[in-house]
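Between the sequences and the hints, there should be enough to build the whole structure, so can you do that?
In the numbering used here, each residue's number is its place in the sequence shown (first place is 1) plus 1.
Calculated from the structure, these hints are not laboratory results.
Treat the numbers as computed from the prediction; the structure is a model and nothing was measured.
Keep in mind that a hint or two might mislead.
What the hints assert, rightly or not - Within a straight-line C-alpha distance of at most 16 Å, the following computed EDC-like cross-link-like pairs (lysine to aspartate or glutamate) qualify: (1) K55 to E74; (2) K26 to E74; (3) K83 to D65; (4) K55 to D24.
Said to hold, decoys possible - DEER-style ranges, computed between Cβ atoms: (5) R73 to G50: 14 to 24 Å; (6) H70 to D24: 25 to 35 Å; (7) G57 to E23: 34 to 44 Å; (8) K43 to R73: 34 to 44 Å; (9) G71 to E15: 32 to 42 Å; (10) G68 to D24: 18 to 28 Å; (11) P41 to N19: 26 to 36 Å; (12) R73 to P41: 27 to 37 Å; (13) E15 to E77: 13 to 23 Å; (14) L72 to D20: 19 to 29 Å.
Every residue gets a Cβ at the ideal spot worked out from N, C-alpha and C, and that includes glycine.
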Amino acid sequence: MLSKQAQNALIEWECAINDYNEDAKDQFYNRLQSIVEKCPTKDLTILMGDFNAKVGMNNAGYEDIMGRHGLRERNENGETCKPMCLQ
Numbered sequence: 002m003l004s005k006q007a008q009n010a011l012i013e014w015e016c017a018i019n020d021y022n023e024d025a026k027d028q029f030y031n032r033l034q035s036i037v038e039k040c041p042t043k044d045l046t047i048l049m050g051d052f053n054a055k056v057g058m059n060n061a062g063y064e065d066i067m068g069r070h071g072l073r074e075r076n077e078n079g080e081t082c083k084p085m086c087l088q
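Here is the structure:
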């Protein structure tokens, strides 16, 4: 989608990484991070996919990117996704 002021980027990535070793997980998130960083900050970037992430209900410090609608506690994948969403 295009507008006069900005473009929109949609990044959709499906990857079940729970069974990956730590090096493979790091490579996955680093690659995804490099793709997100290529999107100009004035553009709307939507990152979606199945990351097996549980964000939980505690959104302290992240109120701008998440609500309090998660279930239970945040898992490691949910923790890893947060910094990427702040960009």
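Hints, one by one, checked against the model:
With a CA separation close to 7 Å, the supplied pair K55 and E74 stays within the 16 Å bound. Taking the CA atoms of K26 and E74, the gap is near 21 Å; set against the 16 Å cutoff, the hint is violated. Straight-line distance between C-alpha atoms of K83 and D65 comes to about 11 Å, which keeps the hinted pair within the 16 Å bound. Between K55 and D24, the direct Cα distance comes to roughly 21 Å. Violation of the 16 Å bound is thereby established for this hinted pair.
Against the hinted window of 14 to 24 Å, the Cβ-Cβ separation of R73 and G50 comes to about 21 Å, which satisfies the hint. Remark: the range hint 25 to 35 Å for H70 to D24 is upheld by a beta-carbon distance near 33 Å. Between G57 and E23 the CB atoms are about 22 Å apart, so this pair departs from the stated range of 34 to 44 Å. Checked against the given bound of 34 to 44 Å, the beta carbons of K43 and R73, roughly 36 Å apart, stay inside it.
The hint said 32 to 42 Å for the Cβ distance between G71 and E15, and at roughly 20 Å that hint is violated. Between G68 and D24 the beta carbon distance is about 33 Å. The supplied range of 18 to 28 Å is therefore violated. Between P41 and N19 the beta carbons are some 32 Å apart, a value that agrees with the proposed interval 26 to 36 Å. Distance hint for R73 and P41: a CB-CB separation of about 36 Å, consistent with the stated range 27 to 37 Å.
Restraint check, E15 to E77: a C-beta distance of roughly 19 Å satisfies the suggested window 13 to 23 Å. For the pair L72 and D20, the beta carbons lie near 22 Å from each other, so the given range of 19 to 29 Å is met.
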